[in-house]
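Visitor: Going line by line, the protein sequences match chains A and B. Here the numbering used here is used: the first residue of the first sequence is 1, the next is one more, and so on. Here the numbering used here is used: the first residue of the second sequence is 1, the next is one more, and so on.
In case anyone wonders, no lab produced these hints; they're calculated from the structure. Built from N, CA and C at the ideal position, the CB exists for glycine as well. Some hints could be false.
Result set (DSS-like, lysine-lysine): computed pairs, CA atoms no more than 30 Å apart in a straight line [unchecked claim]:
#1 B:243 - A:7
#2 A:7 - B:221
#3 A:296 - B:243
#4 B:188 - B:221
#5 B:208 - B:512
#6 A:7 - B:190
#7 A:337 - A:296
#8 B:95 - B:57
#9 A:7 - B:498
#10 B:498 - A:212
#11 B:497 - B:190
#12 B:83 - B:49
#13 B:188 - A:7
#14 A:7 - A:296
#15 B:172 - B:243
#16 A:209 - B:504
#17 A:212 - B:504
#18 A:209 - B:497
#19 B:51 - A:7
#20 B:243 - B:498
Computed spacing ranges between beta-carbons, pair by pair [as the list claims (entries may be wrong)]:
#21 B:383 - A:136: 36 to 42 Å
#22 B:226 - A:136: 21 to 27 Å
#23 A:176 - B:511: 57 to 63 Å
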Amino acid sequence: MFADNWKISLRQVRRLLILDIFGLSSLTLPGILSSLTGADGIFCLILGMAGGWLLLWLMQKNLQNAEGDYYHYMKDTAGQIAGDAFMVFYYLYFVTLCGFVLYQTTTLVLTWLLPEGSYFWVSILLLLLAAYGTVRGIEGRARVYEIIFWFLGIPLLVMLFLALREVQTDYWAPLMYSKGGEFLYGSTAYWIFLLPLTAILFLKPFCQKSEKLAGCGLSALLYVTALNGLIYLILLGVFGRNTLGVLKRPVITLMSMINLPGGFFTRQDVIMTSVWFLALFALMHTGAFQSTLILKELFQESGNRYSMWISLALAFIIGLGFFGNTFLMEIYEIYQKWIVLPGMIGILLILLLAHYTRRRLGIRKEKEESEEH
Amino acid sequence: MLIFFLRRYLKIPFIMEREKRMAVQITSDLQENISQFEELFSDCADIKKRKVKVGQKLEKECYIAYIEVAVSSTEWKDSAVGKILQTLRELPEEKLVAYVEQNVEDISDSQPFATIEDAAQGMLTGDVLFFLEGYDRALKIPDKGYPGRGVYETESEKVIRGSNEGFSESIKLNTALIRKRLRSPHVKVKESFTGKRTHTNVDLVYMKDLIYPGMLEEVEKRLGEFEIDGALDSGIIEQLTEKRTYSPFPQFQTTQRPDRAAMAILEGRIVLLSDNSPVALILPATYNTFIQTSDDYYSRWEIASFTRMLRYLASFLAMTFPGLYLAMTNFHTQILPTDLLLSLAAARQGVPFPAVVEIILMEVAFELLREAGVRLPGANGNTIGIVGGLIIGQAAVDANIVSPIVVIVVALTALCSFAVPNEEFATAFRILKFLFILLCGYLGFFGFLVGTLGILIHLSHMESFGIPYLAPFVGADLNGYQDERDTFLRLPLEFLKKRPIYTKEGTRTRLKFRQQGKGK
Numbered sequence: 001m002f003a004d005n006w007k008i009s010l011r012q013v014r015r016l017l018i019l020d021i022f023g024l025s026s027l028t029l030p031g032i033l034s035s036l037t038g039a040d041g042i043f044c045l046i047l048g049m050a051g052g053w054l055l056l057w058l059m060q061k062n063l064q065n066a067e068g069d070y071y072h073y074m075k076d077t078a079g080q081i082a083g084d085a086f087m088v089f090y091y092l093y094f095v096t097l098c099g100f101v102l103y104q105t106t107t108l109v110l111t112w113l114l115p116e117g118s119y120f121w122v123s124i125l126l127l128l129l130a131a132y133g134t135v136r137g138i139e140g141r142a143r144v145y146e147i148i149f150w151f152l153g154i155p156l157l158v159m160l161f162l163a164l165r166e167v168q169t170d171y172w173a174p175l176m177y178s179k180g181g182e183f184l185y186g187s188t189a190y191w192i193f194l195l196p197l198t199a200i201l202f203l204k205p206f207c208q209k210s211e212k213l214a215g216c217g218l219s220a221l222l223y224v225t226a227l228n229g230l231i232y233l234i235l236l237g238v239f240g241r242n243t244l245g246v247l248k249r250p251v252i253t254l255m256s257m258i259n260l261p262g263g264f265f266t267r268q269d270v271i272m273t274s275v276w277f278l279a280l281f282a283l284m285h286t287g288a289f290q291s292t293l294i295l296k297e298l299f300q301e302s303g304n305r306y307s308m309w310i311s312l313a314l315a316f317i318i319g320l321g322f323f324g325n326t327f328l329m330e331i332y333e334i335y336q337k338w339i340v341l342p343g344m345i346g347i348l349l350i351l352l353l354a355h356y357t358r359r360r361l362g363i364r365k366e367k368e369e370s371e372e373h
Numbered sequence: 001m002l003i004f005f006l007r008r009y010l011k012i013p014f015i016m017e018r019e020k021r022m023a024v025q026i027t028s029d030l031q032e033n034i035s036q037f038e039e040l041f042s043d044c045a046d047i048k049k050r051k052v053k054v055g056q057k058l059e060k061e062c063y064i065a066y067i068e069v070a071v072s073s074t075e076w077k078d079s080a081v082g083k084i085l086q087t088l089r090e091l092p093e094e095k096l097v098a099y100v101e102q103n104v105e106d107i108s109d110s111q112p113f114a115t116i117e118d119a120a121q122g123m124l125t126g127d128v129l130f131f132l133e134g135y136d137r138a139l140k141i142p143d144k145g146y147p148g149r150g151v152y153e154t155e156s157e158k159v160i161r162g163s164n165e166g167f168s169e170s171i172k173l174n175t176a177l178i179r180k181r182l183r184s185p186h187v188k189v190k191e192s193f194t195g196k197r198t199h200t201n202v203d204l205v206y207m208k209d210l211i212y213p214g215m216l217e218e219v220e221k222r223l224g225e226f227e228i229d230g231a232l233d234s235g236i237i238e239q240l241t242e243k244r245t246y247s248p249f250p251q252f253q254t255t256q257r258p259d260r261a262a263m264a265i266l267e268g269r270i271v272l273l274s275d276n277s278p279v280a281l282i283l284p285a286t287y288n289t290f291i292q293t294s295d296d297y298y299s300r301w302e303i304a305s306f307t308r309m310l311r312y313l314a315s316f317l318a319m320t321f322p323g324l325y326l327a328m329t330n331f332h333t334q335i336l337p338t339d340l341l342l343s344l345a346a347a348r349q350g351v352p353f354p355a356v357v358e359i360i361l362m363e364v365a366f367e368l369l370r371e372a373g374v375r376l377p378g379a380n381g382n383t384i385g386i387v388g389g390l391i392i393g394q395a396a397v398d399a400n401i402v403s404p405i406v407v408i409v410v411a412l413t414a415l416c417s418f419a420v421p422n423e424e425f426a427t428a429f430r431i432l433k434f435l436f437i438l439l440c441g442y443l444g445f446f447g448f449l450v451g452t453l454g455i456l457i458h459l460s461h462m463e464s465f466g467i468p469y470l471a472p473f474v475g476a477d478l479n480g481y482q483d484e485r486d487t488f489l490r491l492p493l494e495f496l497k498k499r500p501i502y503t504k505e506g507t508r509t510r511l512k513f514r515q516q517g518k519g520k
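Isolated chain B (complex conformation):
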């Protein structure tokens, strides 16, 4: 109680203080350094520690520590640390420290540390830690690092045309994949750490001369607003930094594609990469950016525009189609031709449930199938899709539990939700679909109007880092109506000469023609 009172009202951070360890300086006394280091890593079977004799007469000692699988054991001699040890064995004892100071510290990515805690943190990035007798620093020597997947094809965000490389769990690899595409010194990578216990590396990648003034500071401010014990995925950072927690709509765009991330950077947006997560966050994000895909810009404009209009329609129908079916068949039958109406009524004959219950049952069953398909291993997941979609669906129709038309409606709605390129964005529509089912099921087309208006009001209030969520359908005048050229229609590239509104003013030209008169 007393501790609670002192913490709550006098802001005395007892537990925080206790968790913090006083920083211990590294001295030239190797034994003392070793004892301090081993105290810190006692009972850590995965940390390997070795004492090695060095110098021509083997009279001096050094100490290396590393995480077992993070350092190559079979190719030890060929590794940086192996070569350093070999050289140190060939040098006289009195020249060892000078050699390390003058040569080893200059190896790329090696880093000297002054305290045991910093050195420990350095080793936990997956490299080798090196102490030497008489040397009052610990040196981090790069090695292969933690095991990772390497560059693989993305499972989501498939494209017909364009690169198939996908992000992996290694943040270094991910930044390199972006850098590979944007070979400009203006691309900056700002590194920070989050997670009190995970110490997760977070990189903000952006184009220095293009980002909107104040945007980077805003992102950094939000990242600094919380302290969490562990940030194991970018999803945790996303939820902690977004403003509208209760909205089903995501306020960050996610991508697993380096080319999508690079494209966003070229538009003056910021990409947030988190270590151990193959999902990059892009900000700011708008409704329009969630509908866009990478190959929209790689394909011809007619194809890109057509597929984009399909996606817009799909995003709307993924949310409203079952509701509209209910409104039309239960309330406003006069809209439909008589033949169609009669066939709908005939299909429903013998079904014991009201249409609303029927739709909800099928939608829940579909969501269950989807969830089961995702959780099961690859081949089994596909089987579940076939078993669920074909066998159970057919059996449900035969048993008169649902009508065939409802199966068609649910299947079409599912197709629409799959056509939305971003999974998080599509999920918002999947959730809101149930709201529309209830509204339209009980209020008909009026319910549809109320729901649509409510969501429109909600979306019009939303912003992502200061950008209206519905831009450029709203506020297009701010960028001279240029952004409207890349919405429902993706106009030919020669018309898209300006960067979108996220970019700093004065740097919005992205396309110029050297030949006079070319381009619109």
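With the rest of the complex left out, here is chain A:
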């Protein structure tokens, strides 16, 4: 039967990636960009997207060279120890991402949906839901996000369209006014939000047309950047640079201000929170799923129960850490900026170099052998 093949389609991959990179970036990035660069934030998005494109290009080159899955490619190209070290690096990235997004999602719930709720129980409930989704594999996961894509997309686009009435284009000026350092900081921030695209590397065995994975990632990147650009311009036009810079989740605040025609619902923020709740959950689920998959490969576990529970427990502890100690956020930012981002690029470059060196050496050896003969 065709449905039980552990393969997902390109449409499913694309929608999964869009939700993964859209949720967190649209929720937190406008505030960061506005406080740093004002209207120039739109150019930060473009530069950040270029960074994302570079990442995708490097991934595509490596995926082209990989005959099997990415783990085996790393081991074959860079050796057993380096391969395992890279896997640990990726594991740490995904498990911390899962913990961080768990914290973000729980805070979102506690701020907008359940103010008197307990952090502990809300995050446990979310992790159990992620475990239920992870335990059945990638097919079910891809189907969930394929379905909810338009259920989230249509209301969001309608609300953004209605918000256009409130935009004051004066706030879009002045342009080209920010300092170089701040501009680079903003661009790097967006680039970091695009790092979940690296999940593509591990999707090769699960995708029906794996040769088009990077193209799929590129269309997701363009789609999300366009949407983020639109949201940023609307937010900037509604709130202005100073207000936008201090709002924690400005896009949800915007949703509470838009009046639907007819006046049946006076505020939509609660309903629209579901868009970001589901997008953040998708990213958390990606973190949980990828970390489970990597741990499973590292320990060569036949099922995925132990790997999953270890990863989820770690994510829970990390999330709890963010909740209890806000300075961990700064450490996480440093970790992302100075370790994860260079590490991701570095690994892909090392693998490419190692691959081409090996190939060149192999060709030279073959040539020498043929000359000897």
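Using the hints provided, position chain B relative to the given structure of chain A.
Guide: For chain B alone, kept in the frame of chain A given last:
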């Protein structure tokens, strides 16, 4: 203990062996056949056995056996067996066996048996069993068979447009009703039996050139995976062959309508009919197929699309509406306009229970009314609906046990569950409604999101015979996005040129226009 040990670990089927009777061959000795047959059916007052003299000189004997009401007694002479007996009385004794072999065996649906057990089984299908002196077979001669209802209008799955014929308890009649609609030699009926003691006839009806490769084998494999003493209804077969036993969602579509079954066969699906059951099972089944009705395709596309969207909305609200009411009124009052909020609060004044308890009380009361209405005879059932809905509801509001708005919410939820065309499918939403009441009652809109996501994850993992339960909303690319044309919207028929994904690849075209340029 010893028997248990031997059965459990050495797999020696003691009891099974004991239940099996050695097959007894039918011989040309009529007396021996009679004694063996009567031993098998001793103490069976409903089985009638008669010895009849035949031949011109009435020197030979034959023996007929039948189930009392299954054979026409008043029109005996006009029945097949009556005519055979009359002919046998007119023939010389030496030609009787030859006549039976050459002529009677060729009567349609008659069947010779070599063993007493097979012959007995043949008689239990409701026909006459015939033994003749000197003839080493027993012959099953068709008669009217078991009493049945005939073709009646279906009680459920009502349509505004289209046939009103419904399946009955007779499997033969049901297959004929399908065959009447699909007059193609490609329609195949594969017969099997299930139930060790009931020996229930199960037919798999399908279009040979359309079914997906491996689907029939999978169904047969699953049917062969169990042995049960009795399968009295298709529901038992359904539960034993489905994979996800703990899911509230059905994995087989059920129908009592021959036109729905025929339509499913045309889509490359398999219809499973079980004797004594007016409910046919259709497989594979998806969320979308449960929402579709027969008259979706008989009515114009605008009407069909509109009603289908209503049904999709109804299926969602049947599960979530009371929960959403609780989330909005208890947790997120800022969503609603102040006037509405004040009127809601005024309506709740004096009600002693929390809103969650109030809703649960009303929902349980409604489910009780529904159950009572189903169990009571027709006219009384309607009365219960009126008494329960109007009198008790009004009295509960007057007594300040519940608020009027809760009665409205519960009534609307009930309407939504009635709008879902499939009873089993609607029941899944009715059960899950209580989960949403608890989640939203204690967690507000967050509970709603958790519940929705949980059910979505559950449904996305589900499959029915290899087809994703949420198809074609997922995996639509596999059939070139053609199946999406028949989901929320039922596009005009000229757009639905391809069969759905259940059909074998290469045979998916169902509509062609002879005139160039017509159709989209």
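Visitor: Run the structure past the numbered hints and jot down the numbers of the failing ones, going up.
Guide: Per hint list: 6, 13, 19 and 21 violated.
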